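Asks: Per our numbering, residue 2 is the first one in the sequence shown, and the count goes up by one each step.
Bear in mind the hints are in silico, worked out from the structure with no lab data behind them. Some hints here could point you the wrong way.
Said to hold, decoys possible - Here are the computed distance ranges between Cβ atoms for each label pair:
| id | residue 1 | residue 2 | range |
| --- | --- | --- | --- |
| 1 | K589 | E1055 | 21 to 31 angstroms |
| 2 | Q380 | D879 | 44 to 54 angstroms |
| 3 | D475 | A621 | 48 to 58 angstroms |
Stated by the list, open to error - Pairs of lysine-lysine residues, derived as DSSO-like cross-links and limited to a Cα-Cα distance of at most 30 angstroms, are as follows:
| id | residue 1 | residue 2 |
| --- | --- | --- |
| 4 | K589 | K557 |
| 5 | K833 | K777 |
| 6 | K1054 | K564 |
| 7 | K777 | K763 |
| 8 | K933 | K1002 |
| 9 | K739 | K763 |
| 10 | K205 | K183 |
| 11 | K933 | K951 |
| 12 | K488 | K951 |
| 13 | K112 | K777 |
Source: prediction; values computed, not measured. All C-beta atoms in this analysis are idealised placements derived from N, C-alpha and C, irrespective of residue type, glycine included.
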Amino acid sequence: MGSGVDGFVSIWIDCQKDATGTKKCKDSIRYPRLHFFVIGRTHSATAPTSAASPMSRGCSHNNNIIYLGTTTNKVERTMCKWCAGYCPTFREFYRGLSPNVKADVLKACQKDGRALQHAAPNLQDDYDVVLASVKQYGGALRFASPSLQDNRHIVEAAVLQHDKYYDRARAQGADATVYASKRAMQDRIVLLALAQRRPQDAMKRIKGTELENNLEMVMTAITAPGGARALAMASSGMRDSENVVLAALQAGVAMNKAHYKSAPAAGLLNCISKRLLNDKPFVLRVVSLLEELPSAISSALRNDRDVAVAGVQKEGGSLRNAGEAPRRDRMVCLAAVRSSGEALQFSALRDDEEVVMAAVQNCGTALRFASPELRDNKQIVLAAVEQTGIALRWASCRLKSDREVVLVALENHKTEAWSRKPFTSVLTHASQDLRADRGLVLSAVSVHGEEIQWASGELKADFEVALNAASNGDVFQQLPLHFRDNKPIVLVAVSRRHDALQHASERLKADIDVAKTAVEFSPLSLQYAAESCKADRGVVLVAVQNVSCWMDRIFKEIPESFKSDREFILDSLRMLEADSSNTTRILKYASDTLRQDPQFAFAAIRTANVHSRPLSFMSANLKADRRLNLAAVQKYGYALREAPDEMRDDREVVLTALRTSSCLQFASARLRDDFDLVEVAVASSPSSLEHASLRLRGDVRLVMTALARSTGSLYFALRHASGGIKADQRFMLECVEKDGLTLEIASPKLRCNREIALAAVKSNACALHYVSEDLKHDEEVLIAAMQDGANKRSLFFDTYVPEAMRNNRSIVLAAVRGAGESLRFASSAFRKDPEIVLSAIETYGEAFRYADDSLKSNRQVVVNAIQRNPVSLSFASDELKRDRSLRMAALSSNGDVLAGITDGVETDRELILTAVRNLKDETVPGAKQFLKFVAPHLRNDRGVVLELVKRRGQALWSVPDKFKGDEAVVMTAIHNYPAALSAAALRFRKDKDLVMEAARKDGTVLRVASRELQVDEEVALAAVTSAGQALQFVPRAARTKAMALAAIKQNKKEASKFVPWFLKEEREVAVALGLAKFSNHDIVKFAMGAKDGRYIVP
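Working from the sequences, and respecting the hints, build out all of it.
Replies: Encoded structure:
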């Protein structure tokens, strides 16, 4: 090992050794660049130390480079990282550290615990150094002395820190338990720490010891994250304890993962005592917790009516685990099918009309489990197909021939089913006679075109039926062959599928209108068009405008003449002005003749996207043209990067560039030393100071200009200033008052200045990272940092506050007032302090989870916590969490608290209504999840549902299906949240007044409106006026000039994507879209325009 010297980077290297322990060095140097840098940059310092000598001998290293060094500036740090950055453990540089000095090693180990490996042996036996190392990296215990590997406090810290994933930790050599002594790993404190991190490993270790029956140990393990399964390893006495078993189940369910609620939960019940499985009160609590009837309980309780009802109310499918008696009990079966219609399959009452009706109203597909007699009952079948049209599949043959039943099924065929592959059809289950019914088939294909596949042969050949099918589905290839020469049908087809033009007739492949429509939807359709269309300027321009990433494919399809057509290339550049990648591709395909044309070069510079670097595609003599370079940098200053050296040294060219962009770095060295020019650059972009000459970076006038013009962090404006300015106390005081983080670039002396440190942390608390070590222990400085309102970060306390200051009550109080989550890092004594805990709750409601259990059981503290933040009740003791008055107080302030106090609340109608009236979460997922915490019978309570959708219309997605057809519920939901129309029954999507009301508030609801309303001009106009992008939901042929103008006015960027080419020919639409650009002769060219490609503006 070697020590650092000023100006020299000192690096520790582990060389490869042979079997005898002798270092094996090869003749060649494995890292020549790093060797050159380390050995060659000693400057005026002393000779290289022994740390570098192996490199000078050409040592072959094992990539394990650990680095303690004295890099003096950022250039050296960057160079070192560039040279050795590919070494896996090359992490950080430290300034002036020695492996023999405790303070230096301690600092290194706090940054990276693995640095302990390279500390001197006496420091590997130092308690403070090793403790700091294992707190940062648990696996560092392997480098500690044997005496400290036997120290329970050291081992506890290591176990608590290292990776909780056992296999990964062991593979990385980071498993602290491997390196701890056997005696330490038998210590109760260490095992408690292990139980928090790896509960199952801890339970294995205490097996057969006196700790096996220690309640604290077992409870710590099973309540740790992922520790529920550790119950299986507990002693028989622990598995016979109600509190232990319930805690394990609750811990698993709290993970909110499905696998904890099903198979593993059942597995836990399989390993508990038979006494508990026969204890009815206990089993009822388990059912309430797991929200299902588990199969592991005794046979007697599975046949118990109370237990069965409790289970199926939570989860109807739990009826499968009930005994024979509950399956024949009408009350139990009704409760089950009302919770989940699919539970009918487990019932013995499949021939009971009331039970089957309740099931199909909840889930239409439950019809398949009904008896044959009830599948022939029209009322039951109608209820099923009203819930989901696909239920027609299980109706009797008689009812499949009933026109009313089939129509209702078609109207209620869920859109979710349409996305399935293969397509799930309703018409395929109708009788042959009804498949030949023209009116019924038209209704079917108007909703989804794929239904035409099951229409009669005569109706498949019907033009109106085929047109409706093509308009509403991807069925062009399934239509009779004669329709491939039918222009209206082909126009619809090519606007829905990218390769539909391939299947059109040769006549229509040569039709200009068809080709334009096809390439507008999919530019690559140009490959299927006739050669005459590929040579049509209008068709090609439509393809160019709509292409995204396949411009090369387009230019391969079109004739070579277009690549020499000056107007075509310029029009293409104009249309794609916002797309730099495609304008670059267009210029790449321009002919050599155009690239040598100065007029074309000028026009390309004015027209093309600024980032496409048009001048770089021109000939060599044009690249050196001064006028062209001036024009280029005038539009985009960064064009100076592509300019030749003589242009970078031209003062006028560079000054012009600086007025549009921050590009001083591309100017010549001579101009970067020009004060007036650099002042212009710094005035527009303070960070340009970085690229000024060394002389000008020390000019006070330029630095002050940079500061005055800086709108963001002053750090970026100051970091390149000279060192003398950074040592000026008055100047730096002014800087840190504006931006505390500029303390990083202050001189070391000023970082020790208390006045400057206080000003910095008051401006930005994170500046505490840069103050001197002495000031980090200054109470006033720390409190000032905690009070910075702009830095309410939960990890601030843990990251920046020294260990020695964390027991200071004033500092902890200031920390939790700034960021309540800081309570998690406070000591246990402070977690018992009511003032500190309540202060934390005011800024972070969930901070109560970190409070001591004594406070969570203190009613007065919990009342005060709820007043500050109602979420606190979720973390109170179980007893207080079940207190109805506290529940009412919390829910009256924030209904979202319901998710954390579900035990018993879900069945209390008054509490549920109180929660509904005070919901705070306005997100769609929040509204959808609310009913998850409500009992099934209240989910079916119309009053509760009405109150919910009145405040959160988004909840219509999660209410029982029967309410999606309730007019009052749907109207209320849509009035609150228009997009809820997509969750309503299909018949509401045909209600013009309702859709109009929703579209005026949110035009995108047009997406789910019926086909008749999507083509209704009044409805469509209302929608696009509200949301321009709603134009995409209007069938292409129904889009009008008025709609296009209204959509463009509302949202030009989005609407422009959906304006069809035939509307872009309209002068007003073209002007509104900005497709018109004046040339030098006042000619406006419309790329999508009239047949001659241009209009004259009067």
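Asks: To test your reading of the hints: which numbers does this structure violate?
Replies: 12
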